[in-house]
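K.L.:
So you can see what is in the structure, the chains are spelled out below.
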Amino acid sequence: MGAVILMPALSPTMTEGKLARWLKKTGDKVKSGEVIAEIETDKATMEVEAVDEGVLTSILVPEGTENVAVNTAIAELDGGTGTAQAAPAPVAPAPAAAPVPASVPAAPRAATPEKDWGPTKTITVREALRDAMAAEMRADADVFLIGEEVAQYQGAYKISQGLLEEFGPRRVMDMPITEHGFTGMAVGAAFTGLKPIVEFMTFNFSMQAIDQIINSAAKTLYMSGGQLGCPIVFRGPNGAASRVAAQHSQCYASWYAHCPGLKVIAPWSAADAKGLLRAAIRDPNPVIVLENEILYGQSFDCPTADDFVLPIGKAKVERAGSDVTIVAFSIMVGMAMQAAEKLAEQGISAEVINLRSIRPLDTETIAASVRKTNRLVTLEEGWPFAGIGAEVAMQIMETAFDHLDAPPVRVTGVDVPMPYAANLEKLALPRLEQVVEAARSVTYRR
Amino acid sequence: MPQVTEAATKRRGKAKTPSLSRDEMLRAYRDMLLIRRFEEKAGQLYGMGLIGGFCHLYIGQEAVVVGMQMCLKPGDQVITSYRDHGHMLATGMEARGVMAELTGRIGGYSKGKGGSMHMFSREKGFYGGHGIVGAQASLGNGLAFANWYRQDGRVALTYFGEGASNQGQVFESLNLAALFKLPCIFIIENNKYGMGTSVDRASASRDLSQNGAPWGIPGEQVNGMDVASVREAGERAVAHCRAGKGPYLLEMKTYRYRGHSMSDPAKYRTREEVQKMRETSDCIETARKALLDDFGVTEADLKVIDDEVKAIVQDSADFAQESPEPPESELMTDILVEAN
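Order-wise, the sequence lines are chains A and B. Residue 359 in my numbering sits at position 359 of the first sequence; the count goes up by one each step and never skips. Adding 1000 to a residue's 1-based position in the second sequence gives its number in my numbering.
Simulated from the structure, these hints should not be mistaken for laboratory data. Check each hint, because a few of them may be wrong.
[Said to hold, decoys possible] DEER-style ranges, computed between Cβ atoms:
hint, chain 1, residue 1, chain 2, residue 2, range
1, A, K115, B, T1333, 27 to 37 Å
2, B, S1263, A, F385, 32 to 42 Å
3, B, L1179, A, V317, 26 to 36 Å
4, A, K115, B, S1263, 55 to 65 Å
5, A, E47, B, E1235, 52 to 62 Å
6, B, V1337, A, Y444, 25 to 35 Å
7, B, K1073, A, D307, 56 to 66 Å
8, B, G1052, A, D174, 38 to 48 Å
9, B, F1054, A, R371, 43 to 53 Å
10, B, E1273, A, D174, 44 to 54 Å
11, B, K1245, A, D174, 15 to 25 Å
12, A, A141, B, K1181, 49 to 59 Å
13, A, F385, B, L1179, 38 to 48 Å
14, B, G1052, A, A305, 17 to 27 Å
[To be verified] Per the computed footprint, the stretches of chain A lying under chain B, defined by three or more beta-carbons under 8 Å from a beta-carbon of chain B, are:
hint, region
15, 153 to 159
16, 188 to 198
[As the list claims (entries may be wrong)] Using 35 Å as the maximum straight-line C-alpha spacing, the simulated DSBU-like pairs for lysine-lysine come out as follows:
hint, chain 1, residue 1, chain 2, residue 2
17, A, K342, A, K314
18, B, K1289, B, K1073
19, B, K1289, A, K158
20, B, K1181, B, K1124
21, B, K1245, A, K158
22, A, K426, A, K314
These numbers were taken from a predicted model, which means no experiment stands behind them. Yeah, the Cβ is synthetic: ideal placement off N, Cα and C, and Gly gets one too.
Here chain A stands alone, though its shape is the one from the complex (with noise of 0.2 Å):
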């Protein structure tokens, strides 16, 4: 009986890819452990192997096809050692679907740049970041990026693809397993005014670092009576990705929003992303940028320009309404867009403010909103205790009580460790019909 090959899903995110390369063909013998086949995912150039002995007896899906999705069959092995085992998956077992994010991505809109910066292109929020970068360093030889992984790897999440081979090694290095010894180093330099970026793995990872991030980088310039600033960019993904479990996803907004000295950005877009970050680097005080893994290889349009940036500190109307502000930051402003789109069908029109920095909070643009709507609703992937929703609410309640004719509503994280298991972790994000449905509780709808 023969085997089944199916399309491998090489990291917790991945959803699709290119079938680059087959290695064997039709009448090859494959033993166990042989590379197969090349997989090119947005990330990476990944080897498939043989798990089963045989004889490839058909091949599937031609080399060169791109957007082959997960756990389609690619190939059929005739089980040439008598060991008769069902389509197991190439690399790791896949599991029984495509691993869906855990979130539901944005459908991508255009999102238009209050200022019009001219014509734009569509990117990914992955060459937004690195476009940032690089203009940067190009225009500043103090700016350098700092990390593990980001210089010979070109990036754990490839954001800092081609960097290496444009800025060399000095202005690109690759850092040791130490994120507290490191950061602190990234600190001590950015007190001398160099302008670190260092790259977190992930921000879990920051937490090893945190009392130089918050200690040292946050509170020398008061604590020095305004002499020692510190420019620096702390950045990496923040949050849920997918099937990776309590340690591994967390948001860390609320924490660096705690902080004086500290600001806090939270790009959606393509364009937030790489206006953000740009200022982010140009700010003379450390900023904590919290990106997100699973929008890391999706596409909005992004202005062309090259002075293009954005203002820390300015909240987005990202579309536009009259019952309803929802209030979002980071992937979950495109869950608002979607919420807003059903809203809509059942005529409720909803305002989605993109918050795009959290420190500073522009509570100005929110109030403005809550005075049109009268009826709020946050919604964020993190835990709700002492979180943002709980914060924007009560900056509402305290510039704009008058005006709001419900209690605010918050959607949220659950408040539990991350569970692994798939049902579960959906059960523990924010769903887009919770969000639906606090827009209609709000909005006495329901």
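Following the hints, position chain B against chain A.
P.N.:
For chain B alone, kept in the frame of chain A given last:
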């Protein structure tokens, strides 16, 4: 590495201090005495309630910073822990500004917002004054990284205590400095007690100068109670760094006469132990004796220095009490740099 240590140990055995010139010795004596008198005054002001919070005095350890500072050029950097008053005075920061910071006044180096543990002077190359034990090892590495990045030939002195030397980030920093050949001199001020815990009860190593050995960092044990020995070792370390050979580690064997902070009754050691160190090893007495015996300096010459130092310290204490508290408007300044 080990060879260097042996050589240094031999040198340490010599009682003579011939490596300093008369002028250098006079200068060292004056600078050490300034720190001693300043700290005594700070202790008094603390007792009077004029200085609050934590106050860690440097009395006993003066030879370390004064000897090391003699090896530096303008532009080199210094960073240390919270026991920082001596380091600041050694870099040439004004006694007035330091004392006024201790009293929390606007005339202090941080406008009264940093206090004893958090003062800085970019002009003098002093990068703090850090309150988190061991944090300055990583930060000092960063100063050295900046020198390496700019290729400007500067070196960074990174001081920490033997207590901090057990912190994980210190070892991370040693690895990073060796990996990138950063011009960083790690100086362990081993005053035998990390707060109330003796080094023997905190560190399994009996020779902290070899803490960088796994990464090939040369290390020396130095008699930190003798300013000439410190200076000699410092020159070797600085030359190594300036030559682009990477970091260097100095373990300064020293002793603090006072408690860990003002609130420490120091019950973990005997009065006799402290007394013995003061009588046999005091850095200022050693320098004084050398000046009188070997350099032909007279008691009258020393009296002039003593009076000068006393006047500076009294002036700083007066200033620190006259300078007003920071205006309330200072509460909300210096949180962020205004972006242009």
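K.L.:
Compare the structure with each hint and give your call.
P.N.:
How the hints compare with the structure:
no. : hint                         : result
1   : A:K115 - B:T1333: 27 to 37 Å : holds (31 Å)
2   : B:S1263 - A:F385: 32 to 42 Å : holds (36 Å)
3   : B:L1179 - A:V317: 26 to 36 Å : violated (48 Å)
4   : A:K115 - B:S1263: 55 to 65 Å : holds (57 Å)
5   : A:E47 - B:E1235: 52 to 62 Å  : holds (55 Å)
6   : B:V1337 - A:Y444: 25 to 35 Å : violated (47 Å)
7   : B:K1073 - A:D307: 56 to 66 Å : violated (41 Å)
8   : B:G1052 - A:D174: 38 to 48 Å : holds (45 Å)
9   : B:F1054 - A:R371: 43 to 53 Å : holds (49 Å)
10  : B:E1273 - A:D174: 44 to 54 Å : holds (48 Å)
11  : B:K1245 - A:D174: 15 to 25 Å : holds (22 Å)
12  : A:A141 - B:K1181: 49 to 59 Å : violated (21 Å)
13  : A:F385 - B:L1179: 38 to 48 Å : holds (41 Å)
14  : B:G1052 - A:A305: 17 to 27 Å : violated (54 Å)
15  : 153 to 159                   : violated (count 0)
16  : 188 to 198                   : holds (count 7)
17  : A:K342 - A:K314              : holds (27 Å)
18  : B:K1289 - B:K1073            : holds (28 Å)
19  : B:K1289 - A:K158             : violated (65 Å)
20  : B:K1181 - B:K1124            : holds (24 Å)
21  : B:K1245 - A:K158             : holds (34 Å)
22  : A:K426 - A:K314              : holds (31 Å)
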